[in-house]
Amino acid sequence: NAGVTQTPKFQVLKTGQSMTLQCAQDMNHEYMSWYRQDPGMGLRLIHYSVGAGITDQGEVPNGYNVSRSTTEDFPLRLLSAAPSQTSVYFCASGAPTRGLFSYGYTFGSGTRLTVV
Amino acid sequence: SQQGEEDPQALSIQEGENATMNCSYKTSINNLQWYRQNSGRGLVHLILIRSNEREKHSGRLRVTLDTSKKSSSLLITASRAADTASYFCATDHRRDYKLSFGAGTTVTVRA
Numbered sequence: 001n002a003g004v005t006q007t008p009k010f011q012v013l014k015t016g017q018s019m020t021l022q023c024a025q026d027m028n029h030e031y032m033s034w035y036r037q038d039p040g041m042g043l044r045l046i047h048y049s050v051g052a053g054i055t056d057q058g059e060v061p062n063g064y065n066v067s068r069s070t071t072e073d074f075p076l077r078l079l080s081a082a083p084s085q086t087s088v089y090f091c092a093s094g095a096p097t098r099g100l101f102s103y104g105y106t107f108g109s110g111t112r113l114t115v116v
Numbered sequence: 001s002q003q004g005e006e007d008p009q010a011l012s013i014q015e016g017e018n019a020t021m022n023c024s025y026k027t028s029i030n031n032l033q034w035y036r037q038n039s040g041r042g043l044v045h046l047i048l049i050r051s052n053e054r055e056k057h058s059g060r061l062r063v064t065l066d067t068s069k070k071s072s073s074l075l076i077t078a079s080r081a082a083d084t085a086s087y088f089c090a091t092d093h094r095r096d097y098k099l100s101f102g103a104g105t106t107v108t109v110r111a
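Residue numbers (the working numbering), protein chains in the order written: chain A, 1 to 116; chain B, 1 to 111.
Heads up, some of the hints might be wrong.
Unchecked claim - Not close to chain B: a few residues of chain A, all C-beta gaps over 12 Å, as computed:
(1) N28
(2) P39
(3) N65
(4) S69
(5) T70
(6) L79
To be verified - Heads up, incomplete: computed chain A residues facing chain B, CB under 10 Å, no partners named:
(7) A2
(8) V4
(9) G58
(10) C91
(11) G94
(12) F107
(13) G108
Derived by calculation from the structure, the hints in this document are not laboratory data.
The beta-carbon is built from N, C-alpha and C at its ideal position, and this holds for glycine as well.
Pulled out of the complex, with its shape left as it was, chain A reads as follows (with noise of 0.2 Å):
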C-alpha cells in the first residue's frame, strides 16, 4: 500500500544509547520532514528535506540528525538518547507543486520512543 512506513512502532532506549528511526515513503515525494508529539505541544519540527541531498533543521534539531540519500528514504539518528527525547515521532511527506501545497502531507503511524 502506498504510503509512509516508519519502523520500529516502538522502542525502549537507554541513557546514551544511539538509534536511527527508519522512515520511507513510495510516492515520489520531494518534502519529508519528521515531527515529536509531546502530550499538550501538538507537533514540532525536528528536522525536513526538500529532495535527496537536502536537509534542514526545525524547530527542535539538538541531539538528532538526518540524511536524505534517496526520494523514498529520511532516516532519524538519535546520538546519544536522553529522557527528554522521550516522545512520539511522526514522519510526513509531501509534494508541493510551484512551491505549493495541493494536498496535505502524508504521515507515518508513528514510533514511540522511550528513553530510561
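Chain B: place on chain A using the hints.
Chain B in isolation, oriented as in the chain A frame:
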C-alpha cells in the same frame, strides 16, 4: 514556535450535533490545513484552504478562513462516534514547506 492555537482544547458533544473548533495564528500564511488524529495513530489530512480562499467544504466538513483576523474554523456537521479524535490546524507561512502545528482540539462524540 507554534503558530496555530486551537480553541477549545477539548469538546464533548452528542452524536448528531455539530462540532466547531477554531484556530488562530500569528503571521501571514500561504495556506492552512486541518488534520485529524485518532488515538494512537498518525495524522490524517482533512482539508487545505489557501490564503485567498474564504471557505471550503469537504463532505461534512466546512472550513472558513479570515486572514484579517488570522483565524480559521473547522465545522463538523452531524457528528458521529467515529469523529472522536484530536483535530489539529497547521499553518504554512513561507514557501519553505514547513508546517507549524497547534496543540489540537480533542473532540469526544457521545453516542
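The hints, checked one at a time:
1. N28: Check passes; 16 Å lies beyond 12 Å.
2. P39: 9 Å, violated
3. N65: 18 Å, holds
4. S69: 19 Å, holds
5. T70: 18 Å, holds
6. L79: 23 Å, holds
7. A2: 14 Å, violated
8. V4: Holds - the Cβ of A/V4 comes within 10 Å of chain B, reaching about 8 Å at its closest.
9. G58: 7 Å, holds
10. C91: 9 Å, holds
11. G94: 7 Å, holds
12. F107: A/F107 check passes; min Cβ-Cβ to chain B is 4 Å, inside 10 Å.
13. G108: With Cβ-Cβ at 6 Å, under 10 Å, it holds.
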